[in-house]
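K.L.:
Spelled out from the first residue to the last, the chains are:
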Amino acid sequence: MSDLLAARSQMAMSLAFHIIFAAIGIAMPFLMMIAEWKWLRTKDEIYLTLAKRWAKGTAILFAVGAVSGTVLSFELGLLWPGFMGYAGSIIGMPFSLEGFAFFTEAIFLGIYLYGWKRVPPRAHLFAGAMVALSGALSGIFVVIANAWMNAPTGFRLVDGKPVDIDPIAAMMNSAALPQTLHMTLAAYAATGFVVAGIHAFMLLRDPDNRFHKAALAIALAVGGITAILQPLSGDLLAKSVAKTQPVKLAAFEGQFETESGAAFRIGGIPDETAGVTRYAIEVPYLLSILAYGDPNATVKGLNEFPADERPPVAIVHISFQIMVACGVAMMVIALWGALRYLWRRRAQRKETWLDSRRFLRVLVAAAPLGFIAIETGWVVTEVGRQPWIIYGVMRTSEAVTPMPGLIVPFITFTLLYILLAFVTVWLLLRQVAASPQGSEVDQKEAQLAA
Amino acid sequence: MQLETIIAGVMIASLVLYALLGGADYGGGVWDLFAFGKRAQRQRKLIAEAIGPVWEANHVWLILVVVILFTGFPPAFAVIATALHIPITLLLIGIVLRGTAFTFRTYDVQRDDVQRRWSLLFSIASIITPVLLGVTLGAIAGGKIRVAEGLVTSGFFDSWLAPFPFAVGFFALALFAFLAAVYLTMETPERELQEDFRRRALVAGAAVGVLALIVFLLAGTGAPTVRAGISRSWWALGLHAFTAVFAMGAFYTLWTRRYRLARVCAAAQVTMILLGWAFAQFPSLVEPDITIASAAAPRITLQLLLIALVAGAILLFPSYYYLFRIFKSETV
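Just so you know, the sequences run in chain order A and B. Just so we're aligned, residue 1 is where the first sequence starts under our numbering, counting upward by one. Just so we're aligned, residue 1 is where the second sequence starts under our numbering, counting upward by one.
The hints are simulated quantities; they were obtained by calculation from the structure and are not laboratory data. Just so you know, not all the hints are guaranteed correct.
Mimicking DSSO-like on lysine-lysine, the simulated pairs with C-alpha atoms at most 27 Å apart in a straight line are [to be verified]:
#	chain 1	residue 1	chain 2	residue 2
1	A	K43	A	K300
2	B	K328	A	K117
3	B	K328	A	K52
4	A	K444	A	K38
5	B	K328	A	K56
6	B	K45	A	K56
7	A	K38	A	K52
8	A	K350	A	K43
9	B	K45	A	K117
10	A	K161	A	K243
11	A	K38	A	K350
12	A	K161	A	K117
13	A	K117	A	K43
14	A	K117	A	K444
15	A	K239	A	K350
16	A	K56	A	K38
17	B	K45	A	K52
18	A	K56	A	K43
Next comes chain B alone, as it looks inside the complex (with noise of 0.2 Å):
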């Protein structure tokens, strides 16, 4: 395999794992403005022990996507931060609210009103984050954002004000949630609260199905070459068959309540959606103009990249692994 695809190989990996895990953290600020009920309470408690320790650790997957995306394929990275200025701007601004106004949450008074106040920023900035990560990856699937002689030639607009970035935005935004509401049937040894998560996971669940749908018929005109690589390549029906089976999995056992294995199912559900965008759109980096192969670095640069990151991964992984052990431990 050709040392640019093993890199492209590696930034995809590092993003289905912020999906999987700061994604949760997203989907678990959704929960908190939709905790109703005499368990509200506990509900949005549960969450913020969920999170807190580990949410700043989940958010590193993201820099490193971007590191690993500037480092290895820059003008790929410097079309995409030129096309779609606007919204990873607004990206941008959610990702500092959410952070700060969870954190702030947190340190401030415990008066009610004040708790309120921080919860609503929290959680509406929890859901407009994913929004527009996934309409930033969905313009970049979308082919429209067009390049000539290194310059964007399609304008600050067109390429992510339309139907189909938007469709993936929900998409995202829908798969977050789901994959907080089943983690957060493990977190809590209470039945009540369990059964509202698992009430909320299948809700999500139905959610992303009805999305997924509409994505896939927006990709018709939003996405041509994406939706043929998904619905035509001879790879497609086995990772077509898998998704599937792992998306009933996870309904299946969300609604034995087996939630341990729900939680692989509904994780394994979402790295194949990914993978299945990533086989979809390879060779292409920024479809059309830009493949893995014209966006690459220097061989010298890709290959120091790769010890890099083989080598930061030999001294992440444990760290990591204690991490979650520690805070976790109760439900791994």
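In isolation and in its complexed conformation, chain A is listed as follows (with noise of 0.2 Å):
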């Protein structure tokens, strides 16, 4: 393994780490903050356990989390020091709100999880508040970044040299409102979907279990409706990439050649030596459409850039339609989740709207669907930008830290994370065995009315 292919393995590898903690890192406090709403709202005692249920999972989650942020930041420079020397002036604005994002975050979540007895129990929902809003704000502010890397903008290159740098300009790239929008929903969705799969696992286990319902329709709300919306941020992604980054969109697709009135592959395997993606359906104009909103549009293929330009087709061609793939079948299931809800409601039996087995074990089989959709889309974005780090601009082997051996440190890495990542999982899984049984919902309630 070369030093390059090293050093970008254990980059993706961190992200790909990472990412799964940032989401649930916005996502989760945003749930936690419904059910203690609720809570507030109806003095209904089993919304408070499920804020302090899901808060338990959370602050572990969100520990690792903070740990594995932290080693990416330094990962920017420990392996791309070429990019951070060239572009740390230009896209480190971001990094900084970021920080200040991170830190309110921290700060909040300390007080949220260690507060229930020591603030007002308003003061305390202000704080999950406070949680999900920045946790939003750190991943829209790192997002940014990244955005600029695709779509670089706010300065002039002068013999290689960037210069009348204008970090606003950097940060207000064509690329951060569709990326920002595309990761933030996903957050919400993929997490949603994965707390909705693990409640409705265990109703199917113990079907009248109140915890586990409230859980469950709080779950698949946040998760359902941002699956529903994530389309249409998708489209607009499409089009910004078509438009700032045409070979990574035509990579996207598997289209080497250059057609107008292009067709919309689904499935396909793209063989790179002959320059062909094969059996793939094809969808006739639809490509045109998406990217240009019209039938008979141009679109570039592969084959009009030189081959050190291109990325690695067959892996982002793939990546891209599992991650649209997920992407639809969550739509789909939100679809029906939202016509079962309205149909039970106009029955005046809503509260039955989750009594459906079968809609329960779909439920279960979609859980990991959005991370999936998270961890392939991330593929697409940046093995689609290769050979570049900032694209047209630097290519990842100029920005590559000298240190050789960099095997070494991706192993070790790699290592630690696949422990961290046993443990955590062990954790949560105790977590959620020992939620409240269906039956000690009701003794309790009885208590209480007693």
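Got two chains here, separate frames each, mind docking them using the hints?
P.N.:
Printed below as a string of structure tokens:
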């Protein structure tokens, strides 16, 4: 393995690991906040129990997210000193803002987790809201920095050096809005679906458990609404990619030839040596419509670009397909859930909308889809930008550290993260297993009533 | 004052706050390992309660230092991350293990053997991480990182694999353990526990003194420029005087059990030590080839960064104060 490949692998592995905790760190506080707000409004103890149990899981995940995020902030320099030395002054700004957002998040999370008995209920809910808000902002700032790598702006190149730097313009790059929108929605959708899947699984075993029903309703509402909105932001992002990175769009679709009225491929395996994508189902004109809003628009193919400026096509295309498939499946499931809710409400039996075992089973199966979509989506974004680290400006190979033997830290961090993943999953399973049984919930309520 | 000097000052201030707050959290881990006697369990519990709600927020000071470094002084960040790749990587592993082991211990089975295993990992990581942080800072001060045309020419080992950086490493560990012990005397109303940590604070304070001397002696060859700055400049005498006053003040107040004052003295002592280093190294950012001015980002970046730092601080400090008031109200 070359040092460049080892550095890329370590970065990819660190990001792939961290993004799970980052996404949960964005969405979980929002779910907790809803549960706590419902408790304050209805005085139903079950929502308080729920907020507290979710908070325990979040505490574990947040700690892993905080330390793996620290690793990343250093890895930017450890692995890509050429990039940071060049770009730090242009895109350090969103990272600085992220620093403060993360600060706010950590402070109020401390208050939220340890302050149940120490602050009044409203102040506690406020702390939860601050965690949810600053968590979302943290994610947005980091994605803005990534968007700049795709659509670099806010400087002029003179003799290969950036001059006339404008950090505000760099933050306002054309990819920033579509990328942050897409990632923020993804965080809520993916987390909502995982949480819904876990509680659906528990409901299949313990069907009348009010605790899990309340949890499922909140998680599904958040995950479902965002999953339905997500294709819209995806469309916005695809149009932005078409404009700023046509070669990446061609890789999404395994589009080798330049074509007007290009078809959208479903599935298919790109053959880079032969320059064709085989075995795909082609929907006529759809790619031109999706990318440019015009059925006859011309879509540039990979062959338009020099071979040393093309990303690896197969991995980008296949990842893109997986992401889209997961996203569509989640949207369909969310619509199904929404219809169930509306029908039952019309029939005045709203409380039974989660009583279908078939629906619950589908939710269990769909639990990992959002995170598969996030992981493959980032593969699409990052591998699709190769061979550039700053699109069109700096190659990844120019940015890498001169440090030899990079396979050692790559393997070390991989083993460390595998270990952390095991322990985290084990501890979360323990938390889930310790959730209240249906009979316990009923008993407690009977006691309260008496 | 130059804009880049102000930014560098904010960076040092963040580092000082990281040492005073985050550093003490590592020190807590040290005392977790050295918890012994019939009150060992109560000592551990006190440490866990003291750092539980605040360690993640305290940790962000380090992130802020890094972010200011790579936004305000990008070439310096690139050079440090290249020359000190190995100690920084080890430092990160320490950071990961410390934070996760502490959290896992809180949420894992409350059975003795399980808890002991996490405690051991937590406390060992709490010892290794400050040493590596000190090694990194010692290497930056040492003057053995050489740079030509923006590229590191001194290799990946020579600048940090030397007695001076490691002496700084153990000095940092002693300082953090000292801070933690002093703070912990204020975290409990129980006399016996107070006495336990008072004794630990006195021992750690003595270790700080010995290690300070060793660092100073090794600096003769290990960090000649910084030592020259410390021992010869006009301000050095005043600074030493202040450090000495606070150090003796910390001992005296600990001896006479005036813990609130001891805390002020200990924090002031650590602050003076870090400021002393910063002034001695000024205007160098990475000894000897990179200065604050030569590494500074363009003016517009520094201006915006300063605005962000001021605005961030205005939002941050009230929240931070609120956090400490909630969890440390008995002791503030």
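K.L.:
Look at each hint and say if it fits the structure.
P.N.:
Verification of the hints:
For the given pair, K43/A sits about 59 Å from K300/A by alpha-carbon distance, which is inconsistent with the 27 Å threshold. For the given pair, K328/B sits about 14 Å from K117/A by alpha-carbon distance, which is consistent with the 27 Å threshold. Restraint check: the Cα-Cα separation between K328/B and K52/A comes to about 22 Å, which is no more than 27 Å; the hinted pair holds. At roughly 19 Å between alpha-carbon atoms, K444/A and K38/A fall within 27 Å of each other, so this suggested pair holds.
Our distance criterion of 27 Å between C-alpha atoms is met by K328/B and K56/A, whose separation comes to about 22 Å. A C-alpha spacing of about 19 Å is found between K45/B and K56/A, which places the hinted pair at or below 27 Å, so the restraint holds. Between K38/A and K52/A, the direct Cα distance comes to roughly 13 Å. Compliance with the 27 Å bound is thereby established for this hinted pair. Restraint check: the Cα-Cα separation between K350/A and K43/A comes to about 20 Å, which is no more than 27 Å; the hinted pair holds.
Restraint check: the Cα-Cα separation between K45/B and K117/A comes to about 18 Å, which is no more than 27 Å; the hinted pair holds. Distance check on the hinted pair: K161/A and K243/A sit about 25 Å apart at the alpha-carbon level, within 27 Å; holds. Between K38/A and K350/A the alpha-carbon distance is near 17 Å, which keeps this suggested pair within the 27 Å criterion. With a C-alpha separation of about 56 Å, the suggested pair K161/A and K117/A falls outside the 27 Å cut-off, and the hint is violated.
Simply put, K117/A and K43/A have alpha-carbon atoms about 17 Å apart, close enough for the 27 Å limit, and the pair holds. Between K117/A and K444/A, the direct Cα distance comes to roughly 21 Å. Compliance with the 27 Å bound is thereby established for this hinted pair. For the suggested pair K239/A and K350/A, the alpha carbons sit about 40 Å apart, so the restraint of at most 27 Å is broken. At roughly 19 Å between alpha-carbon atoms, K56/A and K38/A fall within 27 Å of each other, so this suggested pair holds.
The hinted pair formed by K45/B and K52/A meets the criterion: a straight-line CA distance of about 22 Å does not exceed 27 Å. Only pairs whose Cα atoms come within 27 Å are accepted, and K56/A paired with K43/A is accepted, the gap being roughly 21 Å.
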